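Engineer: One letter stands for each residue in the lines below.
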Amino acid sequence: MNVRILQEFRAITGDRGLITSQEELKTYECDGLTNFRVVPKAVLLPSSTEQVQEIVRVCHREHVPFVARGSGTGLSGGALPIKDGVVISLARMNRILEVDLPNARAVVEPGVINLEVTERVAPHGYFFAPDPSSQSVCSIGGNVAENSGGAHCLKYGFTTTHVLGLEVVLPDGTLAHLGGKTLDAPGYDLSGVFVGSEGTLGIATKIILRIVKRPECIQTLLAAFGSTSDAGAAVSEIISAGMLPAAIEMMDNLAIQAAEAAVHANYPDCGGLLLVELDGPTAEVEALMRQVEEICRRCGAGEIRVAQTEAERAVVWKGRKAAFAAVGRISPNYLVQDGVIPRTALPRIMSEIERLAAEAKIRVANVFHAGDGNLHPLVLYDRRIEGQEHAAEVLANRILELCIEVGGSITGEHGVGEEKKMMMSKMYAEPDLETMQRVRCAFDPEQLSNPTKVFPRPRLCGEKPGEYKPHPLEAAGIAERF
Amino acid sequence: MAVLPSASAAGTAIGVPWDDLRAIAGAEHLRSAGSADRVAGIQPQMVLEPDNETELAAALRCADAVGMSVVPRGGGTKLGWGNRPIRADLILSTARLNRVIEHAWADLTLSVEAGCTIQDLQNALSQHGQHIAIDPLWPDRATVGGILSTNDSGTLRIRYGALRDLIIGVTIALPDGTLASSGGKVVKNVAGYDLPKLITGALGTLGVITRAIFRLHPLPRKVESFTFAASDLDDANRLILAVHNSRLAHTGLQARFSAEIAPAVDIRFEGTDTGLAAQAEALRSLVAPATITVACEEVWLARQELWSSAESAAIAKISVLPTSVSETCGRISRLADSLGVKWSAVVQGTGLGWLRLVGPSAPAIHQVLQTMRPELESLGGSLTVLHRPLAMPAMDTWGSCGNALPLMLSVKQQFDPHGTLNPGRFVGGI
Numbered sequence: 001m002n003v004r005i006l007q008e009f010r011a012i013t014g015d016r017g018l019i020t021s022q023e024e025l026k027t028y029e030c031d032g033l034t035n036f037r038v039v040p041k042a043v044l045l046p047s048s049t050e051q052v053q054e055i056v057r058v059c060h061r062e063h064v065p066f067v068a069r070g071s072g073t074g075l076s077g078g079a080l081p082i083k084d085g086v087v088i089s090l091a092r093m094n095r096i097l098e099v100d101l102p103n104a105r106a107v108v109e110p111g112v113i114n115l116e117v118t119e120r121v122a123p124h125g126y127f128f129a130p131d132p133s134s135q136s137v138c139s140i141g142g143n144v145a146e147n148s149g150g151a152h153c154l155k156y157g158f159t160t161t162h163v164l165g166l167e168v169v170l171p172d173g174t175l176a177h178l179g180g181k182t183l184d185a186p187g188y189d190l191s192g193v194f195v196g197s198e199g200t201l202g203i204a205t206k207i208i209l210r211i212v213k214r215p216e217c218i219q220t221l222l223a224a225f226g227s228t229s230d231a232g233a234a235v236s237e238i239i240s241a242g243m244l245p246a247a248i249e250m251m252d253n254l255a256i257q258a259a260e261a262a263v264h265a266n267y268p269d270c271g272g273l274l275l276v277e278l279d280g281p282t283a284e285v286e287a288l289m290r291q292v293e294e295i296c297r298r299c300g301a302g303e304i305r306v307a308q309t310e311a312e313r314a315v316v317w318k319g320r321k322a323a324f325a326a327v328g329r330i331s332p333n334y335l336v337q338d339g340v341i342p343r344t345a346l347p348r349i350m351s352e353i354e355r356l357a358a359e360a361k362i363r364v365a366n367v368f369h370a371g372d373g374n375l376h377p378l379v380l381y382d383r384r385i386e387g388q389e390h391a392a393e394v395l396a397n398r399i400l401e402l403c404i405e406v407g408g409s410i411t412g413e414h415g416v417g418e419e420k421k422m423m424m425s426k427m428y429a430e431p432d433l434e435t436m437q438r439v440r441c442a443f444d445p446e447q448l449s450n451p452t453k454v455f456p457r458p459r460l461c462g463e464k465p466g467e468y469k470p471h472p473l474e475a476a477g478i479a480e481r482f
Numbered sequence: 483m484a485v486l487p488s489a490s491a492a493g494t495a496i497g498v499p500w501d502d503l504r505a506i507a508g509a510e511h512l513r514s515a516g517s518a519d520r521v522a523g524i525q526p527q528m529v530l531e532p533d534n535e536t537e538l539a540a541a542l543r544c545a546d547a548v549g550m551s552v553v554p555r556g557g558g559t560k561l562g563w564g565n566r567p568i569r570a571d572l573i574l575s576t577a578r579l580n581r582v583i584e585h586a587w588a589d590l591t592l593s594v595e596a597g598c599t600i601q602d603l604q605n606a607l608s609q610h611g612q613h614i615a616i617d618p619l620w621p622d623r624a625t626v627g628g629i630l631s632t633n634d635s636g637t638l639r640i641r642y643g644a645l646r647d648l649i650i651g652v653t654i655a656l657p658d659g660t661l662a663s664s665g666g667k668v669v670k671n672v673a674g675y676d677l678p679k680l681i682t683g684a685l686g687t688l689g690v691i692t693r694a695i696f697r698l699h700p701l702p703r704k705v706e707s708f709t710f711a712a713s714d715l716d717d718a719n720r721l722i723l724a725v726h727n728s729r730l731a732h733t734g735l736q737a738r739f740s741a742e743i744a745p746a747v748d749i750r751f752e753g754t755d756t757g758l759a760a761q762a763e764a765l766r767s768l769v770a771p772a773t774i775t776v777a778c779e780e781v782w783l784a785r786q787e788l789w790s791s792a793e794s795a796a797i798a799k800i801s802v803l804p805t806s807v808s809e810t811c812g813r814i815s816r817l818a819d820s821l822g823v824k825w826s827a828v829v830q831g832t833g834l835g836w837l838r839l840v841g842p843s844a845p846a847i848h849q850v851l852q853t854m855r856p857e858l859e860s861l862g863g864s865l866t867v868l869h870r871p872l873a874m875p876a877m878d879t880w881g882s883c884g885n886a887l888p889l890m891l892s893v894k895q896q897f898d899p900h901g902t903l904n905p906g907r908f909v910g911g912i
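These protein sequence lines map, in sequence, to chains A and B.
Each step along the first sequence adds one to the number in our numbering, with nothing skipped, and position 374 is 374.
Each number in our numbering comes from the position in the second sequence (counting from 1) with 482 added on.
Pulled out of the complex, with its shape left as it was, chain A reads as follows:
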């Protein structure tokens, strides 16, 4: 990278805010998805909105692509650096700026860790609802980029539900305030579009969050079934009985084994484990939990336990939240997938995954957010065995195709990023993608903010949308289009 540009960066962030040594840059070569790696030209660590603006202005002037990065826990390569580009780490912008309990709002910088928000407001009986499994390390800025979910979004919604407003640095360095502390600000819901845009529309530098009052009572039921399809039948009955649990999670036998090996959650050894959490007023929860128990028994559950205390619940959740990492105990390498299906397609997809796995001679452990049909198949393989990594990738992609075939999605919470951008064409038709890219052209016509992610092909923002018109040279018969 041009020395003059680096000097400009250094003048903005100071020596401590600029990383250029190859050794240190390697720390940033990937995010939580480690099979893509690119070493950036520089990493910048701004400590204020103004510094972010100044950096982005330089990038804009010099046409240097940039990638914003939070804690780097993303699982789709969203924070993968761009060759010849820089990484802007928001890790130093980690202050909780304001907590407004009577209005249930908090204003935070993007580098604040998800769990810290809950820790700050918990003494007053509030919590921040989005709870991705990585919540003890992932940042709010990253949650905003990915529209992160978590186990409790079945009832409480996703990050987007809990973001009321944003201060963002646009890809030309200007500042814009989208949404706000009050609801329904006049104009387009650009905050709604920004959340989940995976860093392609700019960089959020302040985030106005909604916090939620902790319910009076929380109970978590653990039920052991012979198979995931029996457990799936119980889920369907719970939903059709008119209940909206705070969370419904499912694990298959391989995932249970992994969780046991890693954190000793004391799960029953069974074919399909269901975890149902109800929350709300005590009388309501108690009445409904009895019904959930009855449904589980009717659907063939063996052992049923209800965790009532905070400590008991913590143990139950520990196994589930550790499940991804725990798979490392039973397989040297694995891919985490993130497909979504209409919940009723679960039995069909499960048997299809089983069949495909057997054919490919690859094991697949399954962890789901069963209430909303979000599957996390963990495709296990051994990189040392020739061809197995490739076979695992093929299988993982085939699972996503299955999700699309039943009307689902290629990602429920991990994002498209680098990993799944080619799958976007399978999920959406060309006009759908073109239309989404109009938003990108409005925010980032020069395609500097995390370019090459999310979409299979960039759209040239100078292109006139609409019908094909021949170029004058074509019309004159001088040139031809292939």
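Since the hints were derived computationally from the structure, they do not count as laboratory data.
Here the structure is a predicted model, which means the values were calculated and not measured.
Errors might be hidden in some of the hints.
Said to hold, decoys possible - Once the Cα atoms are required to be at most 20 Å apart in a straight line, the calculated DMTMM-like pairs of lysine to aspartate or glutamate come out as:
(1) B:Lys824 x B:Asp714
(2) A:Lys155 x B:Asp647
(3) A:Lys206 x A:Asp172
(4) A:Lys213 x B:Asp647
(5) B:Lys704 x A:Glu286
(6) A:Lys83 x A:Glu23
(7) A:Lys318 x A:Glu116
(8) A:Lys318 x A:Glu401
(9) A:Lys426 x A:Glu401
(10) A:Lys206 x A:Glu310
(11) A:Lys206 x A:Glu119
(12) B:Lys704 x A:Asp279
To be verified - Far from chain B by the CB rule (all over 12 Å, computed), these chain A residues:
(13) Glu8
(14) Ser48
(15) Glu54
(16) Val58
(17) Ser136
(18) Pro215
(19) Pro268
(20) Asp269
(21) Ala314
(22) Pro342
(23) Leu356
(24) Glu386
(25) Gln388
(26) Ile410
Note that beta-carbon positions come from the ideal geometry of N, C-alpha and C, so glycine has one too.
Keeping the supplied structure of chain A fixed, place chain B upon it in accordance with the hints.
Structural biologist: Just chain B now, kept in the frame of chain A:
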């Protein structure tokens, strides 16, 4: 910053492609517009009722190509919301796009065409004990496309979220004829940009909604509402905040204010018999010494009632923080009283409220609105004028959208480069 093409002056003759539009939707579905089709006082030339989204997109493209302006219309209940259009040539009605495409009841999702009325929809859903958890204005006539475009959800929002939180997929027709879908029919989906949110509340200025997919909720087993009286505005605000800070699981919370009578606060619970009894008990001790009385469900129509006999009234939507409700209403009250304007308001626990102002003259009403808007904006809130008496001086519907306006103009430019859709009706001249 993008620059919108300036629309030609109202009334300029346009080569109307009657034949093309007839060919697209059939001659019987294209008619001259009458006075009942006026849009905020502007007389359109024609009304087209396509049968399906392909026809709708083709008609939109046809109009765009000749420079006609297009006003999308559902039930027409909120057609007066927004600024007066710069011009309105063609009304593109979704009246015949009124089919329920798929009610996947076991998956709690619904795919529906934009012209379906909310009442028809909820009736169909109730057969499986489900609903879209919204209670918008005039559900018997309001359509899916209309409530989405105006972002009108209702009192259930405090528990179930706004329309933006319930819509999971959308298909829109763009002025160049593109039919584009985003989102899908699963509740959880982060693939691509969230266009359902962009289009919600966009007042039909980016594209015409042709279908939408929603997440559904089970109908409550039982519903019970209560009302309690507050001594004054501050007391009402204190009670609202006390409810927020409690562990009650209410699905509605509103305060009714007016110049004449003491404020009343309404709260709604849903659940099982035992659950409801426990919540009522908790509420009783929370609001003591105020007493609670059982309220009928009609109490939740208070917002809609603001529109009754509203010809000479103005109605505005206000948005403030929940802690600022009494301060805001106090200021409105003092100002209105000093000008002889009668005021009443329904303010939800979310800080969203609807204000009605009546007499003694349109300029007096205008003065209240003009004075209050910057005051609310200085508190971080907003004031949007939804309805005004004919005699009232012109006033921008929306107010400021701050430094996000250039970005909004750019988005508009990308989606509707010729300014075909609802020109001039939205923020900043969009």
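Engineer: Confirm or reject each hint.
Structural biologist: Structure-based check of all given hints:
no., hint, result
1, B:Lys824 x B:Asp714, "holds (17 Å)"
2, A:Lys155 x B:Asp647, "holds (11 Å)"
3, A:Lys206 x A:Asp172, "holds (18 Å)"
4, A:Lys213 x B:Asp647, "holds (19 Å)"
5, B:Lys704 x A:Glu286, "holds (17 Å)"
6, A:Lys83 x A:Glu23, "holds (16 Å)"
7, A:Lys318 x A:Glu116, "holds (18 Å)"
8, A:Lys318 x A:Glu401, "violated (31 Å)"
9, A:Lys426 x A:Glu401, "holds (8 Å)"
10, A:Lys206 x A:Glu310, "violated (32 Å)"
11, A:Lys206 x A:Glu119, "holds (19 Å)"
12, B:Lys704 x A:Asp279, "holds (18 Å)"
13, Glu8, "holds (25 Å)"
14, Ser48, "holds (18 Å)"
15, Glu54, "holds (18 Å)"
16, Val58, "holds (21 Å)"
17, Ser136, "holds (21 Å)"
18, Pro215, "violated (6 Å)"
19, Pro268, "holds (27 Å)"
20, Asp269, "holds (29 Å)"
21, Ala314, "holds (21 Å)"
22, Pro342, "violated (4 Å)"
23, Leu356, "holds (21 Å)"
24, Glu386, "holds (33 Å)"
25, Gln388, "holds (28 Å)"
26, Ile410, "violated (5 Å)"
Checked against the numbered hints given earlier, the structure breaks hints 8, 10, 18, 22 and 26 and satisfies all the rest.
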